[in-house]
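**Student:** Take a look at the letters that make up each chain.
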Amino acid sequence: MTDKPKTYIWQALLEKSFNILIPVFAILAAFLISGILIIAWGANPLEAYKALLAGAFGTPNAIATTMTRLSPLVFTGLAVSYGYRSGFFNIGAEGQFFLGALAATWVGITFTNLPGWVLIPLCALAAALAGAFLAVIPGLLKALRGFNEVLTTLLLNYVAIQYFEWALRIEHYRPDINVTWDDKPIKWTFLNWIGVKDVTQPFPQSPGIVEAAELPKLGTLLKTGLLNQLFGQAHWYEEFVANPAVNRMTLAPIIALVFVVIMYFVLFRMTVGFQARAVGVNPDAARFMGINVPRTIIITSLISGALAGLGGSIEVLGAQHRVIPNFLVNAGFDGIPVALIGQLHPAGVFLSALFFGALRAGANKMQILTQVPISVVYVIQALAILFAIAGALLDLQSKIKIARLAKQTEAAGEQPVAEKEVSGA
Amino acid sequence: MTELLRLEKICKTFPGVIANDNVDLSIERGEIRALLGENGAGKTTLMNCVYGVYRPNSGKIFWKGKEVHIHRARDAIALGIGMVHQHFMLVPPLTVAENVILGLPSPREPLLELSKVEAQIRESGEKYRLLVDPKARIWQLPVGIQQRVEILKALYRKAELLILDEPTAVLTPGEVEELFVILRKLAEDGLAIIFISHKLEEVRAICEKVTVLRGGRVVDTVNACDTSARELAKMMVGREVFLKFDKPKIEPGEVVLSVKNLSARDNRDLPAVRGVSFEVRRHEILGIAGVDGNGQTELAEVIAGLREATGGTVSILGKDTTKKTPREIIAMNVAYIPPDRQHTGLLLDFSITENLVGKAFWKPDFSRSGFLSKKKLDLFADRAIREFDVRTPGAGLKAKLLSGGNQQKVVLARELSGNPDLVIASQPTRGLDIGATEYVHKQMLEARARGAAILFVSTELEEILSLSDRIAVMYEGQIMGIVPAQDADIHEIGEMMAGVRRLGEAVGSGEKMG
Amino acid sequence: MLEQIVAVILSVELYTAVVRMTTPLLLAALGSILAERSGVVTFSMEAMMLLGAVGAIIGSGLTGSAWLGLCVAMLFGALVGLIYAVWAVSIGANQIVTSVALNLGALGLSSILYVMTFAPAKGEVIEQVIQVPSLPAWKIPLLGDIPVIGTVFFNQIPIVYFGYLLIPIIWFILYKTTWGLKVRAVGEHPHAADTVGISVAGVRYISVVISGIMSGLAGAFLSIGMLNTFQEGMSAGRGFIAYTAIVFGKWEPLGVALGTVLFGAADALQLRLQAMNLAIPYQFMVAFPYLVTFITLVVFVGKAVWPASYGMPFQREGK
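Which chain is which? The protein sequence lines are A, B and C, in order.
When you line the first sequence up against this note's numbering, it's residues 3 to 427, in that order.
When you line the second sequence up against this note's numbering, it's residues 116 to 629, in that order.
When you line the third sequence up against this note's numbering, it's residues 41 to 359, in that order.
Isolated chain A (complex conformation) (with noise of 0.2 angstroms):
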C-alpha cells in the first residue's frame, strides 16, 4: 500500500497548511477581541489597526523600524524553538540575550583597531560563545543529574541580567587605566576585565562600539555593490539609495533570514537536528535507538543559548550600538510566544517575529494618530498567543488523518489504526 494516489498529495498539503492557518487565525481572534477592548477606550478600532499597520508598513522608514524590531526576535525565537523541539525548554533566552549583547559590546570597545569584516565576526562570536555558556549550565545539569531546565535558566536570568547591570557600571578595562574601587586601586580581576562603563556620562552605559563593528548599512552596500554597477546609472536606483529609510536599514534581518535556513536544515536535514528533535519527543526512545542523550541535552542547549547571545549582538551592532541599561527588555521572553506561534518551525518564526515586530513598530503611530494607548498591543498578543496554542493543541491535523484512515479502513474492512493503545483489554 505505498503508491500514492494523487489524492492523498492534496490532503497533505491541506493538512500542511493547517499550520500556517491556526496562527492566521489566532491573530484575527486577537484583533477582534481587542477591538472590543478600543470600542470600550472609546475609538474606532479599524481606524486604530490602520493606523497600526501604517506605523508598521507605510513608509520606508516604518518598514525600516519594524525591520529593525524583529532581527533580535528571529533569534530569541529560534533559541526557544530549537531547544523547545529538542526538549530543553530554555526560558534563559533574556538572560542569554543580554550576556550575548555584553560580549559583543565588549568586543566592539576593546578591538578598535581591527576591520570590519573581521571584528564584526568576532562580535558575533563572543555573543554565541556567551551565551552558550548561559545555558550550557543548565544544560549539563539536566543531562547529567536530571534537573528541570525551566527552573534554572530562569533562575540564571536574573544572575546574568544584575552581572549585566554591574559590567555597565564598572570601569573597561584598559592596560593604561587604573580601576578603582572606593577610590583605592584594585587589581585586575577576570570580573572587571568585561566592564563596560562610559566614563564619559553620568549615567551608566557602555561606549559606543567603534564604528567598524556597526553592521553595514543597506543603503552604503548598495552604493558600492555589484547592484550598484548595475543600475547604479539608473534614476529610480539612485532616489532609492538616498532614500534615508533605505540607509537606516542594515543586513541585520538579512542576517536573521540566513539563520532562519540554516536552522531549518540543522532541524530537519541534519543529523544534530535528528537526534535532538528525537530526544526532544521521547528520550527514552531516542536512547533506546543509540542516541546519546545526555550529549544531545548539551549540544542543543549550546546551540540555544548560542543563538540568543546572537540575537543580543545583532541588537548592538545593527541598532544600539551601545548596551544601556534595561537596553532591550524582554527580547529574550518574547521568543517563547515568537516561538510558539511560529508553531516551532524556523520558517514560522520568521514569520511571528514579523508579527510582533510590526505590532510594536507600528504602536507609537497608533497612539499619536487615534490616541489608542501602546498597552492595546500587548493584549494583542497575549490574545494571539493563548489562541494559537490553543488551537495547535486541537491537533486538527491528526484527527483529520484518523477520520480518514477511518473510512479506508471501513471500506477494506481491516482495522490498521487505532489512535491509542487499548492496553490489554
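Careful: at least some of the hints might be erroneous.
In silico contact screen, one side only, chain B against chain C (beta carbon under 8 angstroms); selected entries [as the list claims (entries may be wrong)]:
| no. | residue |
| --- | --- |
| 1 | A188 |
| 2 | L226 |
| 3 | L227 |
| 4 | K231 |
| 5 | E317 |
| 6 | L512 |
Lysine-lysine pairs mimicking BS3-like chemistry, simulated, CA-CA at most 30 angstroms apart [claimed, not checked]:
| no. | chain 1 | residue 1 | chain 2 | residue 2 |
| --- | --- | --- | --- | --- |
| 7 | B | K250 | B | K179 |
| 8 | B | K250 | C | K290 |
| 9 | B | K491 | B | K478 |
| 10 | C | K216 | B | K273 |
| 11 | B | K231 | B | K300 |
| 12 | B | K478 | B | K515 |
| 13 | B | K364 | B | K375 |
| 14 | B | K181 | B | K300 |
| 15 | B | K314 | B | K124 |
| 16 | C | K216 | B | K250 |
| 17 | B | K324 | B | K124 |
| 18 | B | K231 | C | K179 |
The set of hints was computed from the structure by calculation and includes no laboratory data.
Where a beta carbon is used, it is the ideal one built from N, C-alpha and C, also for glycine.
Given the structure of chain A, go ahead and fit chains B and C onto it with the hints provided.
**Tutor:** Same frame as chain A, but now just chains B and C:
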C-alpha cells in the same frame, strides 16, 4: 445466590477498533469469575466500562436488578464496585492509610482523621490475611504488598464486587497462591470477584467459572475444571493452536553472544540480574522464559548496552562489549526489539521513514558529514515498507497513527532489514493480535535461517516452547536452568519459573508439550 | 564606609522595609503552594499581581473604600486564575507559555484599565499622580508596644498580619484536611486520584483560583498598601521572585516563607545601599537570592522533590 451485576449488549468502540461487541455477562454474589481472553480481546475495556473509566456506546448495566448509569469511577464506587488496575492506582509519596481514605469524606470533615482508618486497615488485614503497615509510604512497599493495599482500598469503600485486572502479572507463583487464598476468603464473605487473565493454567488452577472473550465478543462461559486447557485455548484464539512450528532443523554455528557471570541493577537500584551465564550461536533461538519482572528485561538491556553491568562480561562475536555504548553495539550489527514499542520502540511523533532509519541515520548510507540524504532515506523507507508489508497510506505518516501490529512491523523492519548477527527480542509479541504475533514469529525464524543468533525473551510459555531451540528460565535474576526445547517438560519449566533450580542435565521424564 | 553599612544593617527602618518587601512575595507564594502542589505551575503570578494592583486602585478610587479595593483586587486576581485554569487545566496548554502570554496581556490590560478609570476624559492621559484611599496601619495592642519588634512586625497594615497567618493556614490545609490530601494526590498521581472519584480538574481549578486571589491581594499590597498609586508594570518581576521562593522552599509552607524573607531582605538591603550611593555593587545583592536558590536547587533539592505531575495536563482516556 443472587445476581449482583448484569451486563446486556455492551458495545464499546474506539476509532477504527471495536473493543466490545454486544457483550452479555452476569455475576452473582460470592462468585469468583475469571475473564479469559487474549491481549486485545476486550477484557479490560469491558471492566473499565463497568467501573466508569469508559462509557459504553450502547448497552445496559444492571446492578442488583436495577439499571444504572455509571459515568465515572465515583459512581461505580458509590454502587459498591471496586477495581484493582493492572498499573496500581496508588500515590507513591502518600501513606497506606492516606491512599485508602483518598477521595472519601473523613469522619471529621473537612479535617483529616487517619487513626480510625489505620485501625480499620489493621482489622481487615487480620481478617483476610492482608497484613500491611498503615503508616508506611507506598513507594517503600514491594509490588505484592501494594496489591494488598489496592484490595484494602476497595474493601474500605465497602465494595461488593471486586474487579482485578491481570492481578498475577506481577506476582511469583507462590504469591499467586496466596492471592487466591485471599480471594476465596473474600468470596466466602459474599463478595463477588471478577479477575481478568490471559493465562490458561492460572484460570484452571483457581477452578471457577470462566467467561472467555475473543475479539470483543463472549465466546462461552464454562466451568474451568471441566474444560481442558486445549479447549480453553481453542475458545480464546478461535481455532486449534499449533503449539509447535515446523521449524527446519539447522545446526547451530559459531558463538555470537557470550554472557559470563553478568549482574545488573534495575531502575530502583536493586539487583535484577545476578550472575547469569549463557551462549547463543548462529542459527539458534535461545528463549528466556520467566514470570514478568524477574530480570529478563534488564538482561536484554545490558546486552544492548542500555544498562550498566555491575559485574561479569558480555561479548559479541568474540569482542568484549560490556562497556560499549548502545550505538557502538548497534554498529556491530546487533538488533534490539524493546518490550514497549509505544514508549521505547518507536518515536510515535516521528514519521515512519524517520523511525525506520532511527538507528542508522548516522551511517554513511544515509548521511554525509552530518547532512541527511533525503533521497536515500525515502528510497530505503519505501523498500522496507514493501518488504515488511506495513499497511500505511504513505511513509510520511506519523507512527502514532498506525495500528499496534503495523507499529511492530516498523520496529521489525528497522531492526531486521540490516541482516543482524544478533537479535535481542524482548517481549516482541506483547499486546499483538494473533495475526501480528504469527508475523513476528515468522520473522524470527527467517532471521534464524539467515544465520542470526536470537535471544527471545517472552513471558508467554507457549510461544517460548514453540519458537526456541533452547530454553533458559529466569527467576529473581538468575537462570534456573537451560534445556533443549525438544526435551522441555512444561511442569519442570513451571517449577523453574517458581524458583526451583534444575539440577544436572535434562532427565526427560514426564509429560511433554506438543 | 564600613560604619555606614553597619548603620544600615542595624537600623529599624531596614527591618520594617524587609517586612514590607516580603509581604507581597509571601502572599503570592504561599497562596500558590496549593496550585503548585496540585501540579500546576504558577508562573502566572505576575499577571495576577498586576491586575490585583490595578483592581485595588480602581476599587478604592471608585468606592472610596480601601477595603472594597481589596475585594476588587482579589476578584481580578481570581479572574486571571480562572482564565489560566481554562488553558492550563481544561485545554491542556503548556503552562509556561500560557503564563508568559497572560503576563504580557496583564501588562497591557492593567494600564489600559487604569487610564480608562482615572483619565479626565476619554483618550486623555493622566497628568497628576492619582491618590486613592489606602489601607491604614493597625497597631496590634501589647505586641505593637514591644520596642523594635513591635515597630517592625506589629505596626503594619492588616494584609501583613494576614500574611503571617497564612503560613500555618496553608500548612494546615495541606496536611490536616481531606482537601489537602486531594491536592497532594492530584499533583503526584492524577490518574490514581481520578479512579477514586476525585475531580482532578476541579481540584486544580480551585487551587489555581486561590493562587489568583492571593496574588491579587499581593498586588493590592503593592498599589494601595505600599505606594498608594499605580505604575505600569509595577509588579516588576515579583511574580517570578515568588515563584523562585516556592522552589527555594521545596513546596513546603515554612520553607517558602523563608524563601520570601530571603528575597525581601535582599531587596530591602539593596534599596538602602543604593540610596546611600555607596560604591558597593548592589547588583550582586539583587542576584544573591537567585544564586542561593540556584545552589539550593542544585546541591540540596535533588530532582525527586517537585510534584510528579508538575506542569503536565491531565487527560482522561477513551471517553
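**Student:** Confirm or reject each hint.
**Tutor:** Cross-check of the supplied hints:
{"no.": "1", "hint": "A188", "verdict": "holds, 5 angstroms"}
{"no.": "2", "hint": "L226", "verdict": "holds, 6 angstroms"}
{"no.": "3", "hint": "L227", "verdict": "holds, 5 angstroms"}
{"no.": "4", "hint": "K231", "verdict": "violated, 13 angstroms"}
{"no.": "5", "hint": "E317", "verdict": "violated, 25 angstroms"}
{"no.": "6", "hint": "L512", "verdict": "violated, 22 angstroms"}
{"no.": "7", "hint": "K250(B) / K179(B)", "verdict": "violated, 36 angstroms"}
{"no.": "8", "hint": "K250(B) / K290(C)", "verdict": "holds, 23 angstroms"}
{"no.": "9", "hint": "K491(B) / K478(B)", "verdict": "holds, 12 angstroms"}
{"no.": "10", "hint": "K216(C) / K273(B)", "verdict": "holds, 24 angstroms"}
{"no.": "11", "hint": "K231(B) / K300(B)", "verdict": "holds, 24 angstroms"}
{"no.": "12", "hint": "K478(B) / K515(B)", "verdict": "holds, 25 angstroms"}
{"no.": "13", "hint": "K364(B) / K375(B)", "verdict": "holds, 27 angstroms"}
{"no.": "14", "hint": "K181(B) / K300(B)", "verdict": "holds, 28 angstroms"}
{"no.": "15", "hint": "K314(B) / K124(B)", "verdict": "holds, 26 angstroms"}
{"no.": "16", "hint": "K216(C) / K250(B)", "verdict": "holds, 15 angstroms"}
{"no.": "17", "hint": "K324(B) / K124(B)", "verdict": "holds, 20 angstroms"}
{"no.": "18", "hint": "K231(B) / K179(C)", "verdict": "violated, 44 angstroms"}
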